[in-house]
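S.K.: Spelled out, the chains give:
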Amino acid sequence: MTDASLQAYAAEPREAGFGDYVALLKPRVMSLVVFTALVGLVVAPASLHPVEAFAAILFIAVGAGASGALNMWWDADIDAVMRRTAKRPVPSGKVAPGEALGIGLALSGLSVVMLGLATNLLAAGLLAFTIFYSAVIYSMWLKRATPQNIVIGGAAGAFPPVIGWACATGSVGTEAWLMFALIFIWTPPHFWALALFMKEDYHKAGVPMLTVTHGRKATRAHILAYTLLLVPVSAAAALSSIGGPVTIAAAILLNGWFLTGAWRIRRRDEAMAEADGYRVEKRVFRASLFYIFLHFAAFATDAVLRGWLA
Amino acid sequence: MTLRPTHELHARRFGRNLGLGLVLGGFVVVVFALSIVKITRGEPMQAFDHVARPELATAAGAAAP
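Chains A and B supply the protein sequences, listed in that same order. Residues in the first sequence are numbered consecutively from 2, following the numbering used here. Residues in the second sequence are numbered consecutively from 21, following the numbering used here.
FYI, nobody ran anything at the bench for these hints, they're computed from the structure.
Computed, partial: chain A to chain B, Cβ under 8 Å:
(1) 18
(2) 52
(3) 59
Computed from a prediction, not measured in an experiment: that's the story for all the values here. No residue lacks a Cβ here, since even glycine has one placed at the ideal position from N, Cα and C.
Required output: the full structure, derived from the provided sequences and hints.
M.R.: Right, dumping it as structure tokens:
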């Protein structure tokens, strides 16, 4: 490499480092996937060898990362417009779109095959369907087509505990679908709270979020409606065989907390939100993250307690 | 401008190669550990491989009506 080529290199977009490829897999989304899949596996009425359980969670996480890479490849144009996503590896030019697509497809295949070998075909099939749902049905089709994008797309994020359950049992029970329903109903108010304070982003990108198509007042009402819907789902899960005293207590406290926040969002208008820099909306968004983590932590705690008492 | 062996470009490429190496090494360890677990549990370890295996043929024959 000559001096001239080094100078030319300095003028080009920075070559990707290892961290950029990790960022391509959306590690923060992966952390929620890993956690909920692990809980699905722990609360299931069957157990895996620790090595198989580790491999199962690892390959579910890799599958989630593959979905993230495919999503970044497809959505690079709108990610570049939105402030929240403009620094992602593809829109910032650190990783080429073709590379993101290749990594996404390769990791999808690898994760599905390895999960099938490590556990069973049902779990592998569910993982394959989840990746397809996230990349094709949500990213390519619904995200830019309907304001219900988040509602229907939420199913992709709701599958990990079902896959975890399937890894352990080789089947899918009612309790697994209750965990699915909990994440499915939780996703819309979580993202709509974000959309309220990321006000310009979705509008600029032309993504038909509810805030753009139906306005902010309707979005505030929808947040409250979905948070109310969450209560019976959470109660049903807490009273099922995966629940217990810890989950029941957590469900009461967490639903009360989330409902209070949603009610406060509903009572506010844009002038009030602008005046305090969307303080309540940001707080409810953070609370919603705690809600799902703590609810699943409660399922796991009850499962551990049942194991000790048995 | 002289080319130093530890130019920022080299450091980043080293980091990328090291990261990929560790990931591949980790993958080998996971596959090896899974194999050991499944083999020690005595799961089926043989299938058709162009050699006559009467025990497999018997199992298939028993399953067929």
